[in-house]
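Peer 1: Residues per chain, in single letters:
2 protein chains.
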Amino acid sequence: MNRISGSKKWPLALAAAALFVLAASAPAEEGMWTLDNPPLKQLKEKYGFEPTPAWLEHIRLASVRVGDGGSGSFVSPDGLVLTNHHVALGQLQKISTPQKDYVADGFYAATLAEEIPCPDLELNVLYSTENVTDRVQKAMTPSMTPKQALDARKAEIAKIEKESMAKTGLRSDVVPLYSGGEYWLYCYKKYTEVKLVFAPEQQIAFYGGDPDNFTYPRYDLDMAVFRAYENGKPTKVAHYLKWSAKGAADGELVFVTGHPGSTNRRMTMAQLVYQRDIAYPNRLASYKRRLAICRAYASRGAEEARQAANIIFGIENSLKVSTGEYEGLLDAKLMENKAAEEKEFRSLIEAKPEVKQMVGDSFQAVAAAIEKLKSRQTELSNRNLPCPTLGRFALQVVRLVAEVKKPDGLRLEGFHDSQLDSLKFRLFSPAPIYPGLEEVQGVDTIKQMLDKLGPQDPFVKAVLEFGPTPEEAVKALLAGTKLTDPKVRTQLVAGGEKAVAASKDTFIVLARKVDPILREQIKWQEENIDSFVSPAGEKIGQALFAVHGKSLYPDATFTLRLTYGTVKGYAMNGTLAPSKTTLYGLYDRAVSFDNKPPFDLPQRYIDGKDKLDLATPLNFVSTLDIIGGNSGSPVINRRGEFVGLVFDGNIESLVGRFIYDETANRCVSVHSAAMIEALKKLYGAQALAKEILGEK
Amino acid sequence: MNRISGSKKWPLALAAAALFVLAASAPAEEGMWTLDNPPLKQLKEKYGFEPTPAWLEHIRLASVRVGDGGSGSFVSPDGLVLTNHHVALGQLQKISTPQKDYVADGFYAATLAEEIPCPDLELNVLYSTENVTDRVQKAMTPSMTPKQALDARKAEIAKIEKESMAKTGLRSDVVPLYSGGEYWLYCYKKYTEVKLVFAPEQQIAFYGGDPDNFTYPRYDLDMAVFRAYENGKPTKVAHYLKWSAKGAADGELVFVTGHPGSTNRRMTMAQLVYQRDIAYPNRLASYKRRLAICRAYASRGAEEARQAANIIFGIENSLKVSTGEYEGLLDAKLMENKAAEEKEFRSLIEAKPEVKQMVGDSFQAVAAAIEKLKSRQTELSNRNLPCPTLGRFALQVVRLVAEVKKPDGLRLEGFHDSQLDSLKFRLFSPAPIYPGLEEVQGVDTIKQMLDKLGPQDPFVKAVLEFGPTPEEAVKALLAGTKLTDPKVRTQLVAGGEKAVAASKDTFIVLARKVDPILREQIKWQEENIDSFVSPAGEKIGQALFAVHGKSLYPDATFTLRLTYGTVKGYAMNGTLAPSKTTLYGLYDRAVSFDNKPPFDLPQRYIDGKDKLDLATPLNFVSTLDIIGGNSGSPVINRRGEFVGLVFDGNIESLVGRFIYDETANRCVSVHSAAMIEALKKLYGAQALAKEILGEK
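Read top to bottom, the protein sequences are chains A and B. With the first letter of the first sequence counted as 1, position 31 gets the number 32 in my numbering; the numbers rise by one all the way through. With the first letter of the second sequence counted as 1, position 68 gets the number 69 in my numbering; the numbers rise by one all the way through.
Do not take every clue at face value.
Heads up, the list lumps identical chains together, so a pair's fine if it works in one copy or across two of them.
Mimicking BS3-like on lysine-lysine, the simulated pairs with C-alpha atoms at most 30 Å apart in a straight line are [what the hints assert, rightly or not]:
{"hint": "1", "residue 1": "K191", "residue 2": "K691"}
{"hint": "2", "residue 1": "K289", "residue 2": "K569"}
{"hint": "3", "residue 1": "K597", "residue 2": "K47"}
{"hint": "4", "residue 1": "K610", "residue 2": "K597"}
{"hint": "5", "residue 1": "K505", "residue 2": "K42"}
{"hint": "6", "residue 1": "K569", "residue 2": "K610"}
{"hint": "7", "residue 1": "K524", "residue 2": "K453"}
{"hint": "8", "residue 1": "K453", "residue 2": "K499"}
None of these hints come from the bench; they were simulated from the model.
Sequences are here, hints too, so could you generate the full structure?
Peer 2: Here is the structure:
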């Protein structure tokens with residue numbers, strides 16, 4: 002499943018700086034293009050298609066960013082938002098109870114009154130963008146030290162965001178593109194009043210489970226429908242996607258608008274080698290460890306299994322993604338190609354004296370920063386607060402009350418004025434927290450720290466003050482906290498520094514104690530890594546434009562991108578994969594596996610089989626260049642109609658983080674026809690189908 | 002498709018000598034065991050199954066060798082023989098005409114009277130085997146030169162075969178096993194009066210065409226039914242396989258009896274390197290060249306396409322097999338494993354002084370012979386008579402009349418008394434010969450010779466005496482021959498040396514002229530290669546027994562073998578392949594490809610869909626260790642019942658020529674249930690279904 006996974010936890014300096022370009026210009030179907038720089042030339046030359054500004058505006062305003070890891074689109078004038086089931090999964094789990102499991106059973110609201118409010122889902126629609134590169138760059142002067150320049154840049158960015166929010170009332174984010182070669186101000190209309198309209202059983206949304214995840218041929222109805230509200234009423238939107246019930250034909254030109262999370266196609270070789278030799282092996286080991294812990298918890302009983310399902314799903318997903326990416330890095334040919342590309346880029350830089358001077362020793366600066374990073378790598382990636390939800394909330398509370406008192410520009414990332422609404426929305430969420438699940442993960446976090454850092458590490462010591470063993474420490478932490486109650490979190494934040502300083506809540510006590518240790522780490526990273534890598538990235542990004550003009554797209558940043566491609570099968574497993582699958586194939590796979598999990602069908606599909614037209618297309622593949630974060634993105638034809646719902650990439654697409662290969666990299670989507678067929682014939686969701694089809 | 006392909010054309014010395022052993026004992030599911038040495042220990046330990054001598058005799062006598070490249074089994078007491086459509090394909094093509102195309106349309110004889118006689122299909126049933134190693138080895142004395150020893154061995158083998166045939170009336174073949182470590186006399190009951198009972202459309206037998214060939218999941222009804230006759234009446238057989246309509250369950254123990262063509266699992270490293278660096282690249286280039294020629298011919302029109310279909314199918318099949326095998330050889334890990342195994346085997350030999358002395362310099366002798374072979378490699382593999390069918394027939398006629406006058410032991414291989422019946426059966430076949438198809442291939446054969454050998458080569462010169470260019474030479478050859486008429490071939494042979502010497506038939510004239518050139522090559526190979534490799538092989542084969550006892554199976558030799566395994570899916574394409582597919586999957590694949598060739602369904606399947614139970618299993622996979630030649634083999638359960646029909650291996654199985662890997666090497670079979678479902682509901686073949694099910 003293509004949701005953002007893992008990548009957000011990468012060391013900041015490396016995630017931010019991805020620094021060089023693949024080739025003189027992006028090949029045929031490649032590219033996650035910003036909407037200010039769409040690939041008009043390629044579209045005209047290859048397809049004779051010239052999207053108008055109105056066409057581009059329409060698809061932009063119909064596109065929705067969903068939560069902090071997914072995409073979606075408006076599909077009715079009354080605010081219906083279509084996304085993936087796996088993007089909605091967190092919300093489905095949060096509204097479920099031991100008595101009513103919407104994840105397993107699905108949900109359909111036939112009327113507005115039946116729709117269920119989501120506890121903490123934020124939707125964003127990109128209203129405007131503005132190039133603020135000049136302003137950001139002018140904030141820095143040549144006389145500044147690297148750290149001063151870094152601080153100045155951050156302060157200016159926070160200022161731009163704050164001004165914009167005050168002026169427009171919109172969520173305002175400054176986004177570095179081309180590793181800082183450009184800075185853009187993105188302003189979003191925000192919806193936080195969102196209700197659930199429809200979700201199928203997870204069994205069919207995620208049919209084939211972890212084995213089939215990131216593979217094709219595929220048979221998943223990975224869809225969920227929300228409705229955006231404003232002031233208690235369904236929002237009215239002028240821009241939504243009209244539905245094409247017949248979908249896209251084999252070979253047809255299609256588009257995706259969505260929010261790819263991150264790619265690393267422009268990393269330098271030094272960065273790639275670091276990823277291959279250090280970052281990925283560590284990350285994979287950590288996933289495996291956590292997965293084992295959560296699976297053991299889930300095996301305790303049905304309710305534990307329900308609680309842990311979303312986390313297990315997420316880790317399995319991340320593990321499969323990272324394994325595929327890691328295998329790419331281990332591929333000697335890929336690394337050779339990357340080295341050749343960097344060599345070519347650097348020789349182009351050498352050939353232009355003014356560019357050469359501007360770039361200076363930027364490549365070496367990145368390599369040096371990585372060497373420095375290695376010296377503290379173990380601390381940086383292992384000092385984690387035990388219990389993922391409670392630990393995170395405690396640290397956010399402690400930091401929030403301190404940061405808001407500082408000038409906006411000097412605050413920690415995540416605590417700028419423009420970011421506070423979204424932060425509080427999640428921090429004060431009424432979604433349930435499961436102590437048992439927190440406990441097992443907390444114990445393991447401490448054990449891992451003990452393994453990696455030893456008992457003398459100050460962070461570890463602080464944790465073990467609550468108990469001599471990981472088990473006892475976590476038990477004490479859980480016994481002494483009330484942070485599971487969102488009201489308590491709200492009251493603490495309302496009480497400010499004084500209330501937080503006085504709190505005897507165990508998690509708050511721990512967070513107060515370790516925050517200085519973590520702040521020292523952040524400061525060290527800023528001074529030693531970011532202060533060098535950020536300007537190097539900016540210079541290399543500018544060299545990119547100097548050498549290639551703007552014929553390029555930037556690495557993904559979880560901001561709106563346009564990609565184009567064709568519906569197309571590929572050579573696979575010694576034969577051909579067709580461009581689409583059908584409902585026949587779903588039943589084939591179920592019977593082939595004797596209807597055993599994860600290949601079992603929901604009862605509804607067994608009982609309702611004869612109602613279905615089994616020749617209905619179910620999933621399809623295209624050359625669209627996507628990555629985690631694109632999940633839920635609409636697939637759009639040249640008439641701007643909705644033809645499919647992105648939900649995954651094939652196994653060959655995983656290496657797409659580093660390099661796009663059109664021969665086998667495929668985006669996997671749910672076909673529009675299958676959604677209507679299922680809604681009408683299996684779910685009795687006539688009203689929803691009519692609204693989507695515009696028939697009401 | 003798993004028919005013997007290409008391998009028969011390998012240089013004799015290399016095909017005959019495959020010399021070392023994989024490991025101390027064959028791992029779990031591996032092995033193509035002779036029926037004198039079945040894997041009783043493994044079966045007992047792993048499955049608690051102890052086949053009785055009667056069980057083994059029963060399945061041996063129910064197993065049929067089909068033609069010169071396939072397998073089959075008796076499935077009724079009245080001589081019904083079930084095999085693959087692709088094994089029957091040659092016969093189907095030969096009985097077809099421009100007016101009636103049984104390949105495309107299929108065939109069903111509801112009554113005995115409607116059954117169609119096959120022009121030249123020979124069936125063999127293994128009646129007895131006898132170890133004749135001592136007799137063969139005693140024919141050679143230490144005082145003989147290598148060439149004398151080779152001749153003595155061949156003469157003794159011919160003598161044993163002739164004596165046996167005279168005594169038993171059975172087809173009698175002496176088979177070298179374990180690269181000559183043992184020699185066995187195999188006696189077969191032979192059926193040459195064979196009629197076609199049933200064949201489906203090739204479109205469904207070979208559904209998915211070349212792309213799906215050698216892959217899985219798969220959806221093929223690759224079956225054909227013949228009936229063996231004796232004296233104009235259906236033969237009565239005591240041993241035939243009872244039908245299990247429900248087939249084998251996932252995880253069930255199953256067996257195959259069949260005739261694997263050749264494997265090279267015991268080749269020395271020197272041989273493997275030769276295969277990798279010289280034999281495979283040459284072979285692949287030659288296949289590609291011939292395929293292009295035949296496809297161009299087929300594109301001329303419908304009738305040309307019909308004529309060329311079987312040849313194109315064969316070359317595509319060979320090309321896919323050889324590509325898979327070649328990729329295996331290019332895999333550095335496989336070669337490392339092979340080197341390690343040879344090293345271990347040789348160190349075990351070193352450890353036993355008497356074995357060490359016996360083996361002597363055998364490994365070096367093989368390597369030296371290969372070096373010698375390289376010196377004439379280009380001539381040996383390129384001097385071919387133009388026009389594959391007519392050229393072969395002409396050479397056989399010229400040689401036959403000469404060879405029969407010699408003492409049996411001194412004749413060329415293929416012309417011993419015991420081999421003459423089968424040779425004449427094919428040589429005098431009434432099957433049609435297509436001059437157009439002979440022409441295009443003939444022209445290309447000459448062009449290829451010109452490229453590789455140049456115009457001064459005596460063989461090339463002899464061919465070009467018929468015309469100054471390849472085109473003109475072939476035109477003249479075809480204009481001056483009557484060998485297309487089987488009566489002419491019969492008369493020439495009947496007329497003996499005198500008639501052949503007097504013949505002005507162009508192909509006979511050419512064959513007379515080039516035969517001495519080819520005989521010199523054979524002699525050179527015998528003196529320089531076989532005389533050294535054969536005794537080396539024997540010694541290494543004996544070392545095998547000395548080191549490992551008889552816990553091993555010999556490389557495949559197109560003789561009856563027993564393999565065992567389990568019905569089992571495998572990890573594939575990032576996910577799992579199920580152990581079976583269903584009719585649902587067939588329709589999925591057809592609709593997924595918009596019913597376009599080679600994924601289109603016969604009209605019968607479109608019209609008859611609603612009659613079918615789509616949940617019927619269609620194909621299934623097992624760990625059975627098979628290779629080309631096993632096509633048409635029965636899959637048998639422990640009750641000795643027929644549960645499936647072997648027709649292919651998956652893409653991962655191709656490397657099985659050199660090494661068996663249970664994790665992904667799978668045998669692909671047609672499920673017994675699908676055959677009955679199709680016969681009854683789509684083909685109206687109630688009588689045949691009843692006979693197979695024993696219901697009549």
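Peer 1: State for each hint whether it applies.
Peer 2: Results of checking the hints against the structure:
no.: 1; hint: K191 / K691; in the structure: within (27 Å within a copy, 70 Å between copies)
no.: 2; hint: K289 / K569; in the structure: between (35 Å within a copy, 27 Å between copies)
no.: 3; hint: K597 / K47; in the structure: between (46 Å within a copy, 25 Å between copies)
no.: 4; hint: K610 / K597; in the structure: both (18 Å within a copy, 26 Å between copies)
no.: 5; hint: K505 / K42; in the structure: neither (62 Å within a copy, 70 Å between copies)
no.: 6; hint: K569 / K610; in the structure: both (28 Å within a copy, 28 Å between copies)
no.: 7; hint: K524 / K453; in the structure: within (22 Å within a copy, 72 Å between copies)
no.: 8; hint: K453 / K499; in the structure: neither (35 Å within a copy, 92 Å between copies)
The structure fails hints 5 and 8 (numbered hints given earlier, in ascending order).
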